[in-house]
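Novice: Input sequences plus hints: build the corresponding full structure.
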Amino acid sequence: MNNLTQGLQGVPLNHYIWLSAIIFTIGVIGVLTRRNAIVIFMSVELMLNAVNLLLTAFSVHSNDPSGQVFVFFIMVLAAAEVAVGLSIIVMVYRNTQSIDINVLNRLKW
Amino acid sequence: MINLVWLVPLIPLLGFVINGLGRNTLSKNLIGFIGSSVIFISFAISVGIFFELGADANKSHEIFLFDWISAGKLSIPLSFLVDPLSSIMLLIITGVGFLIHIYSIGYMHSDEAFGKFFSYLNLFIFFMLLLVLGSNYIVMFIGWEGVGLCSYLLIGFWYTNSSYASAAKKAFIMNRIGDLGFLLGVFFIFTTFGSVEFSKIFPQAANMLPGNGTIALIALLLFIGACGKSAQLPLFTWLPDAMAGPTPVSALIHAATMVTAGIYMIARSNVLFDLAPMIQHIIAIVGLATAIVAAIIALTQTDIKKVLAYSTVSQLGYMFLGLGVGAYNGAFFHVITHAFFKALLFLCAGSVIHALHHEQDMRHMGGLRKKLPVTFWTMLIGTIAIAGLPPFSGFFSKDEILAHVYMHDKVMWAIAVFGAFLTAFYMFRMLFLTFYGKYRGTHHAEEKIHESPKSMTIPLIVLAVLSAIGGIIGIPEALHGNHWLSHWLAPVIKHTAEAPDHATEYALMAVSVVGVLVSIAFAYVKYIKQNHVPIPDEGKRSALANLSYNKFYFDEIYDLLIRKPLDALSTFFYKIIDNKIVDGIVNGLGWSTSEASKGLRLVQSGNVGFYIFMMVVGIISLLLYTYLSL
Amino acid sequence: MNIIITITVTALVVLYAGLFKAKKALLPLTLIGLLTSLAFVVTSWNTNQTYYGMMQMDNFALAFAGITILGTLFIFLLTQNYFAEHSENIAEYFTLILFALAGIVIMVSYKNMSMLFIGVEIMSVALYILAGIRKNNFASNEASLKYFLMGAFSTGFLLFGITLIYGATGSFDLDAINQYLVGNYKSISPLFYPGVILLMVGLCFKIGAAPFHFWTPDVYEGAPTLITAFMSTVVKTAGFAAFLRLFADTFAPLHDFWLPPLMVIVCLTLFIGNVTALFQKNFKRMLAYSSISHAGYLLFSLVALTASSANNVLVYAAAYTFASIIAFGVLILVKQKTGNDNFESFNGLGKRNPFAAFVLTIAMLSLAGIPLTAGFIGKYLMFLNVMHDYQFYLVAFAILNALVGFYYYFKVIVAMYFKEGAEIELETPVQYKVVLVLSLIITVFLGVYPSVILNLI
Amino acid sequence: MEQLLLLLIFLPLVGAVVTAFTGSAAKHVALVSAILSLALTLITVCNFTPDASTQFAVNYPWIQDLGINFHAGIDGISMITVLLTNVLVPIIILSAYQHDYKNSNAFFALILFMQFGLLLVFTAMDAFLFYIGWEAALIPIYFICAIWGGKDRIRVNMKFFVYTIAGSLFMLLGIIYLYLQNPAHNFDIQAFYNLNLDSVQQSWIFWAFFIAFAIKMPVFPFHTWQPDTYTEAPTPGTMLLSGIMLKMGIYGVIRWLLPVAPEGVQQWGNVAVILSIIGVVYASIIAFTQKDAKRLVAYSSIAHVGLISAGIFALNTQGMQGAMVQMLSHGINVVGLFFVLDIIARRMKTNKIAELGGIAKQAPQLAIAFLIIVLGTVALPGTNGFIGEFLLLIGVYQYKVWAGVFAGLSIIFGAVYMFRMYQNIMLGKTNDLTIGFTDIKGSEKVVLYVICALIIVLGVYPKPILHLSEASVQQLIEQVTQKLTSVN
Amino acid sequence: MGTSVFYFVATLSVIFSLMVIFSKNPVHSVLYLIVTFFTLTVHYILLNAQFLAVVNFIVYMGAIMVLFLFVLMLLNLNKDNEPLKSGLVKIVGVIAGCCLVVTIIGSLKATAISDPVLLKNPNLGLVKNLGKELFGPYMLPFELSSILLLTAMVGAVLLTKKEKA
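Residue numbers (my numbering), protein chains in the order written: chain A, 1 to 109; chain B, 1 to 630; chain C, 1 to 457; chain D, 1 to 488; chain E, 1 to 165.
Just so you know, the hints here were simulated from the structure itself, not pulled from any lab data. Don't be surprised by glycine CBs; every beta carbon is placed ideally from N, CA and C. Misleading hints may appear alongside valid ones.
Claimed, not checked - Chain B side only, calculated, beta carbon under 7 Å to chain A, not exhaustive:
(1) Ser79
(2) Val603
(3) Gln604
(4) Val608
Specialist: Here it is as structure tokens:
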């Protein structure tokens, strides 16, 4: 383990930023391009994870554990959100037999 | 007595209040009595004032009543000025006014609105006295507009007839046009002299040199005011229409008093007018033109009152002509004599109308000489007086004016004399058509014709006497008189135009007398010898007669040039500018907002994908800002 | 701290009470809990307690906590028969609202980004659920899912923003961040700026500012009216408190940086909110758009940061909250009778229900910002606030928008008084009367004598 | 003495509340309240010393944190407007006596509430208080017009409301700006007077205030809300609007615009005068062909107010004093006109000029009263209208000759449309409709007699009124000119 | 060689996350997501955030993803039944995404922060260290996050429970 981590000492911080930004954006693109509510939700999870990764990287970079604690909170949120989100989706499915977000257009204008 | 001058207008006002409040409850006799006696009291006081003033060395008394309007350095007291000019006007107004009140008792006796009529008459006297007595232009203006109001009320006395009501309105509005000129003139006076008081203005003006532009403008504006009130071109058309009112009204307001207010005002302001020779010239031209135009129109009129009305306009034109050439005394002299004989003529006409049960068309008269002897004889005196035959009053006053005109401009004189011939012609035409020949009305009506009651004939006789002998107050030196009037007025009228030498004056008199006699003869031949009767309205006339008969189409021209365009402008302003443009912009703002709302709410499409896309666009823009700002 | 504990404990007690079918006791219990926490708000006044460096119960927090708790209290009073019509699980609803309130109290008092995040999420998650509690109602479902999806999406940005700030400063603590800004003013890490922007995005989403407002009308319309009332009043207030704590205090040194985008957001929000509201036929949806526009006015407090910015928000929020509660309260009553919440339902209301109509009129006047109502004082303070920086054009723009506002607020007044309609007679339970009267009194009192609240913070 | 002013201001409010809770007797309660106000006003007038000072002043801290004080007082200018308000309100209430309004308690309560707002406006010595009163007067009139108005009332009144409030919001902007400029951070009028603003600032202040006031008056081209609103409103509403409310605009100019932004006025006053004069001529001409009498009077009101506004901006004693008198006169006259039209409309169900005629025959008393009111409106000397109009014209004339000339046209035009209307309604033959006209009686008589008496008394002896405001006006003008000369 | 591991895993992360959003079958998406999360776990390990790596592995890949899968199965949505958004929307979405990434990175000026991530304290990400942090200064949020979970619990039960009609 130590060896592995020692070997990483060279990755520049901005590469972590780039990576996170890219994954985050992929999440955004997912949200933008998909119609399936669950997939959209998964894309959101992707965004959250990108944030998690970045937080960890910052945490290591500034040698501060609080960043990782924050990641922990985000995971709590993710869990809570998934529970609620999926139950909402289930509820909607029961009524509309669909989880296509384009069906959600009664409320407009 | 002079200190009691405030009673002179107050008492008629009291009469107005009593008669006005009691118009439905008091008996007609009582109303007539109150209405006439208040005027008589005023007359009595006026006489007292007149003599007191004559005896007094100080010829100008200001009686201060109370502060009326004051704002900053503008201070307008309600105060009266008693001087030769106003005192003599007081006599005319109350005197002639009293006679006409008496006359009205008989004339209006059968009218149900008798009380209203007398209260209006009293109110008129009140305002007229105010006009004359005012010691500043604004008090004068109260009276000025007040008589206009009374004129409106009395012309439209029989208001159920809409054309009468229209005539009243026309009179008021045309007067108002002049009033605006007056008011603007007063503003100029205020800014120039810092006051509107006669006693402060004239001394200042006396030190000015003629030709001052501001003074000229003031004079012009005041003259416009006078044009409105005294029915001069181009604002004269209301006066003939004003004959819609009861005849005593025509006599009092539209002949003897109110219409001469313009002359009074200019005479009062003679100091200012003397400083504006160009305006005087304009006044002379306007006066002359009015005199001639009105005389020409009068030639072919068939309504007895219309003839008199145009003759009034014409005579007023002579007065202005006199003012224009600087013959203030002459003009004022003519005011006085005209008040006598024109009041007389109108009252006589009224007597005729009364006798014929409100028939005014001369084509349906004739041969009344026997049936209405008093009326005939008095009217004959009046007619001679206005025609200008010596020794009746009109001769002296008119010839004084003409003499001055001659000195001023020979061409103008020639035209004016020609106008005087026309006057003689149409007046005698009227007399002949009315009293000579055979009666042209229905037989049934003929039997009912009777001489008017005493209350009407006595004023006629009194006025006839005055018309006959009124000239003595101004017999010129050429006729070995001393012209009492000009001496009396001397404290007020500062400059008097030069009179011609005696020889010229004799010649001028001769020309006019001969001309007048010829005109009368001409009328005699046409209307008595040839028994000519004017043709019905729709009959064919020569072009000139047509023009005269239709009053040179003045009304139609005004209608076309002023009323119609204004109404069209009104509709245009209202329908296009106000509703479409001004309001349209306001409504357009509202409309576009609501359209924006309609459009904008479509953005809220209900589609989550779109919402998120918009959010992302927002975020991208914000990040772009960040990128660019760093 | 004791406030949060009280609220949470109340929530749990209520949950258990529900378990034991003690339906009658639910409301009293809740009210007792809320009143207790209000009492704590009062007693902790001026104590300025800090807990673990995470929460600071300064007067700012207490004032906003007080107003949100009071608002919640009123909304609870309006629950009479409301949930019972739809479902058995009243206790759970109460619990969720109370949990949301707990989150809100955290949001108004946080001293650390993690607390902000936790508070926001507690509130949001509870609201996702509450928006969808009418399970068989499509609109409610749709509202819930829309809110959830977009909320989760915006959370991502909020978190990204927090992360970047953390990356720049190495801390989540607001004081530390502020010190970093002050200390390194010349050499702030480039990570910081996008962090601020993304945080702004996340918070703007919560308060419904354009262009992140799209969820607002749909969710407000679809959600059960009472929940909408809660969202548009209490939740919105909390969002602003959170916004203020961060931007007016912590990020204040960077004001020059984030002001221009904020201005754009303000103008957009004002414009979209007001203009779109104009054409609405549905009263509830109109209120949603109006809440967007009010967000615009509230943001004025951030355009010019003055000593009284926070207090101005408090006044405005108070005015807005109580007026909205009246509006929603009357709306619920009307909807119970007529079955829909269009403007037509209000036609002729003034004849048979003078009281309800009068109260609603005052509420609308307050929302529109007519003097002698609290709404005017609020708007006035906001204008005054930005005028300190001489933002004439902004104020002029706001005035033009306020004019549009008069149109749609008066639409309901017009319907009530000037139009003929079915002569319905509302059944107004006592609690409703209490809420309406109290809100009315607050609205008018704050309009006439706002001094009591002007110097709270 | 302090209590007197407080009583004066708050009595209508109390009256409004009491009226709101009385049932069918509301009109009597309202009348009693209004008459009490009038009595108080008369006491105030008697105790008023006609010098330039602000009297009966009260100054209580209100919203201290914002520098807002309940600072009210009466000087000569306020006295006139307060007098106007409290004289007209009883007349207006009495004029509504013969009507059977639904929810009459609300109706009369709103009138009294509006009176309260108006009194606030006219006595406020604190800009914020002024603004509060300004809006507090607007809300009740909106409801009066929109609830009890004619067919198109909703749209018309919404326009009126938004239009006027648009102006007042910009005024609020101006007030806030002045407040911020004021080092003491309060809204005190004296502090505003003492501000040293440069000419650019003053220009902005000028426009912010002027638009508000111009809309209220209304001055061309901000007038288009007015004819519709006047036509659609119930007559008491129209009376309140035209009789008192538009005076708020005039008062505002005198009290807040001229002394606060003299340079702004110097710079832009000619624009204001031009607009006002255009309004005079334009509205008069439009009035020529109006078919609805109420609308005709509405346009005539625009013309009259245009003259007042021009007179104020002329910035001389005559114009200003004329404005003071004319405010009073116009209020009385226009209330009288609208009342006459209301009497006609109530009997004939129409105000269309063409359908009427010959009423004088049926109702001689009405005809006389109407004529007197018309004469007052066309400014016949001896009526109240003349005093105001004469002073205004001379004021405008001194400002610019051409302005005086064009403004003077109103003398002619006014006579044209007023007499046209009078003739077509009252004179001529009765027609099938008007044959059933009955003469005025009861409260109608009282109202018309009072109005006619006021018209004549003020016209004959205006001195007391002129005297009331003279010192204040003089001081105001000196203040403005001093400020201007100290700059130049 | 050390840094190349990072780049390799990073590449995998990106690829798999792309697969998540572009695979037509939602079940496949879930599976790709699990893989993506696994690569992220590797990243955590590389950063020596061992606690996070474990939690990520258990909570995310285990619990959360299973929940996703479960719901998909429950709703019988495993088929590729999603009517795809129109091509235009996709293109626009992708372009927007690209813009987003460009602007994020651009505005970060991340190139400026090129100092390497160095593990100054190898114990940083260990349970002991984090535990101290969590139960020390972060105790309050930690406790409060229980409310979050409780809310979610109540909510999930409330929403999925069938009402008595």
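Novice: Could you run down the list of hints and mark each one as holding or not?
Specialist: Tested hints:
The interface hint given for Ser79 of chain B is broken, as the beta carbon of that residue sits about 77 Å from the closest beta carbon of chain A, more than 7 Å. Annotation: Val603 of chain B was flagged as interfacial toward chain A, and the flag is violated, the nearest CB pair being 9 Å apart, outside 7 Å. Here the hint on Gln604 of chain B is kept, as its CB sits about 6 Å from the closest CB of chain A, short of 7 Å. Taken as an interface hint, Val608 of chain B checks out: its beta carbon lies about 5 Å from the nearest beta carbon of chain A, inside 7 Å.
In this structure, the hints that do not hold are numbers 1 and 2, in rising order.
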